[in-house]
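Trainee: These are the residues of each chain, in order.
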Amino acid sequence: MANQKNNIIIEQSSEDNNLPKVFLHGPPKFSIVLQPKPSHNFHILNPSSHPPLHEFIALNPHHASSITAVVCTGGFPVNAEVLQLLPSLRLVCTPSAGTNHIDLFECLRRGIQVSSAGNLFSEDVADLAVALLIDVGRKISAADRFLRSQLQKPWDFPLGSKLTGKKIGIVGMGRIGLEVAKRLEAFSCMISYNSRNKKPLLSYPFFSSVLELATNTNVIILCCDLNDQTRHIVNKEVMLALGKGGIIVNVGRGALIDEKELLKCLIEGEIGGAGLDVFENEPHVPKEFFSLDNVVLSPHKGALTSESLIGISQLVEQNLKAFFSNKPLLTPVI
Amino acid sequence: MGSISVLLVAKVIPYLEQELNKRYNLLRIWDFPQKSQLLTQHSASIRAAVGNASAGADAEFIDALPKLEIVSSYSVGVDMIDLNKCKEKGIRVTNTPDVLTDDVADLAIGLILALLRRICESDRYVRNGNWKSGDYKLTTKFSGKTVGIIGLGRIGTAIAKRAEGFNCPISYFSRTQKQESKYKYYPSVVELASNSDILVVACPLTEETHHIINREVINALGPKGYLINIGRGKHVDEPELVAALLEGRLGGAGLDVFENEPHVPEELFGLENVVLLPHVGSGTVETRTAMADLVLGNLEAHFLGKPLLTPLV
Numbered sequence: 001m002a003n004q005k006n007n008i009i010i011e012q013s014s015e016d017n018n019l020p021k022v023f024l025h026g027p028p029k030f031s032i033v034l035q036p037k038p039s040h041n042f043h044i045l046n047p048s049s050h051p052p053l054h055e056f057i058a059l060n061p062h063h064a065s066s067i068t069a070v071v072c073t074g075g076f077p078v079n080a081e082v083l084q085l086l087p088s089l090r091l092v093c094t095p096s097a098g099t100n101h102i103d104l105f106e107c108l109r110r111g112i113q114v115s116s117a118g119n120l121f122s123e124d125v126a127d128l129a130v131a132l133l134i135d136v137g138r139k140i141s142a143a144d145r146f147l148r149s150q151l152q153k154p155w156d157f158p159l160g161s162k163l164t165g166k167k168i169g170i171v172g173m174g175r176i177g178l179e180v181a182k183r184l185e186a187f188s189c190m191i192s193y194n195s196r197n198k199k200p201l202l203s204y205p206f207f208s209s210v211l212e213l214a215t216n217t218n219v220i221i222l223c224c225d226l227n228d229q230t231r232h233i234v235n236k237e238v239m240l241a242l243g244k245g246g247i248i249v250n251v252g253r254g255a256l257i258d259e260k261e262l263l264k265c266l267i268e269g270e271i272g273g274a275g276l277d278v279f280e281n282e283p284h285v286p287k288e289f290f291s292l293d294n295v296v297l298s299p300h301k302g303a304l305t306s307e308s309l310i311g312i313s314q315l316v317e318q319n320l321k322a323f324f325s326n327k328p329l330l331t332p333v334i
Numbered sequence: 001m002g003s004i005s006v007l008l009v010a011k012v013i014p015y016l017e018q019e020l021n022k023r024y025n026l027l028r029i030w031d032f033p034q035k036s037q038l039l040t041q042h043s044a045s046i047r048a049a050v051g052n053a054s055a056g057a058d059a060e061f062i063d064a065l066p067k068l069e070i071v072s073s074y075s076v077g078v079d080m081i082d083l084n085k086c087k088e089k090g091i092r093v094t095n096t097p098d099v100l101t102d103d104v105a106d107l108a109i110g111l112i113l114a115l116l117r118r119i120c121e122s123d124r125y126v127r128n129g130n131w132k133s134g135d136y137k138l139t140t141k142f143s144g145k146t147v148g149i150i151g152l153g154r155i156g157t158a159i160a161k162r163a164e165g166f167n168c169p170i171s172y173f174s175r176t177q178k179q180e181s182k183y184k185y186y187p188s189v190v191e192l193a194s195n196s197d198i199l200v201v202a203c204p205l206t207e208e209t210h211h212i213i214n215r216e217v218i219n220a221l222g223p224k225g226y227l228i229n230i231g232r233g234k235h236v237d238e239p240e241l242v243a244a245l246l247e248g249r250l251g252g253a254g255l256d257v258f259e260n261e262p263h264v265p266e267e268l269f270g271l272e273n274v275v276l277l278p279h280v281g282s283g284t285v286e287t288r289t290a291m292a293d294l295v296l297g298n299l300e301a302h303f304l305g306k307p308l309l310t311p312l313v
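Those protein sequence lines, which keep their order, are chains A and B. Going by UniProt numbering, the letters in the first sequence line up with residues 1 to 334, in that order. Going by UniProt numbering, the letters in the second sequence line up with residues 1 to 313, in that order.
Result set (BS3-like, lysine-lysine): computed pairs, CA atoms no more than 25 Å apart in a straight line: (1) A/Lys182 / B/Lys182; (2) B/Lys35 / B/Lys85; (3) A/Lys287 / B/Lys132; (4) B/Lys184 / B/Lys141; (5) A/Lys166 / A/Lys236; (6) B/Lys137 / A/Lys37; (7) B/Lys161 / B/Lys224; (8) B/Lys306 / B/Lys89; (9) B/Lys306 / B/Lys85; (10) A/Lys166 / A/Lys199; (11) A/Lys287 / B/Lys137; (12) B/Lys137 / A/Lys29; (13) B/Lys11 / B/Lys234; (14) B/Lys145 / A/Lys182; (15) B/Lys224 / B/Lys184; (16) A/Lys29 / B/Lys132; (17) B/Lys141 / A/Lys37; (18) A/Lys153 / B/Lys11; (19) B/Lys161 / A/Lys166; (20) B/Lys161 / A/Lys182; (21) B/Lys161 / B/Lys178.
If you only want the chain A side, here are some residues facing chain B, beta carbon under 8 Å, derived: (22) Leu128; (23) Ile134; (24) Arg148; (25) Gln150; (26) Ser161; (27) Lys162; (28) Lys182; (29) Phe290.
In short, the hints are calculated from the structure, not lab data. Ideal placement from N, C-alpha and C gives every residue a C-beta, glycine not left out.
All chains, please: the whole structure from these sequences, using the hints.
Mentor: Set out below in structure tokens:
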């Protein structure tokens, strides 16, 4: 009886039987987003990505040891417990740049390879950082809102502040930070940075703390990972050091900033403004933000362009293909 | 110099108004609801006029002020000033070039990003509480897109430089090809539009460039193309633009200027593929102050018999 039930749930053709098995560890219809094309190199066990992993294994226990690769997304962790469940796992493939939903240490220990989005989204995220910065400084969203309200004629709209030539402090000088720096250099901005370690090949001035960086710049752009060291790295002290005309842009993770403190500083005018693509408790955004004109709110869409979507589905497929052809991953994390 | 009458024909920042008031006998056009009253009382004494992008000195105005010696515009564009008439009458004209180039170029890029990445729309999405129901839709990448610029003057060049930071290939149309330019030249606006993802209007408004963006150009730009106007409203055939947007023949538009400011075609308010700004191209504290200093400096130079700082005529 159990076997019959298994056969109904997983229909396998005889050709697929010998192909390595890939499991999609994400929300229902996750595969529609990625669309790995039917491949001769591997077989996707759960194209509809439903039911979720634990339920799937419970219904198909024999597959636990057949799954050699998992495609997972943020919100669907690959932690020690999941790894324990999949003894034959050899590859974790995430379509994100961030990897904090994967226990990298445990994967390393077990000899499991991990691939990510690599630098695929870096341009889009950098573009968004600059978009938010210009919007906050020049009040673009506020002005568009003002016009659409059709309340005021003649136009009497407050002046913004000039961006060209401003001193920009970038926190995190990975790929995204570098792309942001390159774009803002074209605006004749002066770039300096803070990161875990000074980058010997970079000529931008380095500051060993975010506080020092904020003291010496007009704008802080957060492009770094979220980890134990960077949680609330932008706190009240940093914001006061940045000063009343200062602007903060966050395209990293919400918890890089003490959100409650940020709100206070924005309301009290202790900083000039903020452009935020990420929040501490997405998709929840404190409603006190909604009445502020000196903030631009963006629903975590740094990488959500049509171009990036096409790119990532191609990259996932290429990484899976490479792995199962015993070739090096295109975008390995470890 | 307090006896020199200067007529202010447009609203300016308080700093400029205060300084003009300190130095001259300042008359403000809005204090005279009847133009005839202004002319009767003061036409014989007004020696200078200060205008801006929206209000300047046309032929009628110039004829009504026989003592007018100089028009100092608080803008770089002087399409609101009858330059030929001024030349004829020996009236000097100054504007505010260079000091606003960066701000206008910054805003052009800001408009492109706000439009392609739907920054204003997704900000509205969050403020309306919609993020809880799901992610905002996918938007369009800017980096690497082809940018076509109409007018490769100071502002056009500054826009090109910034767009290059986003790896955008740059092409342009201008009255004459710039031999020293590394960018690709197209001999017509339609050809430029056909070969651009994003078309930016950055030229002066003249008789030749009036409605330079017409139906043909808009259709050439197409349903995946974007128009950015940081020039003058009259560069664009506005009813044609509105029709194209409503019919989906144009991908989107970012507009800092309109044909008949402060009027904005109502149909645009319902569209999510437009970004609408109230002529803020030079609208920063730093730049408006620098522009004010140029106006003041030009007037001072004129009345002291010294060379003008930024003369056009």
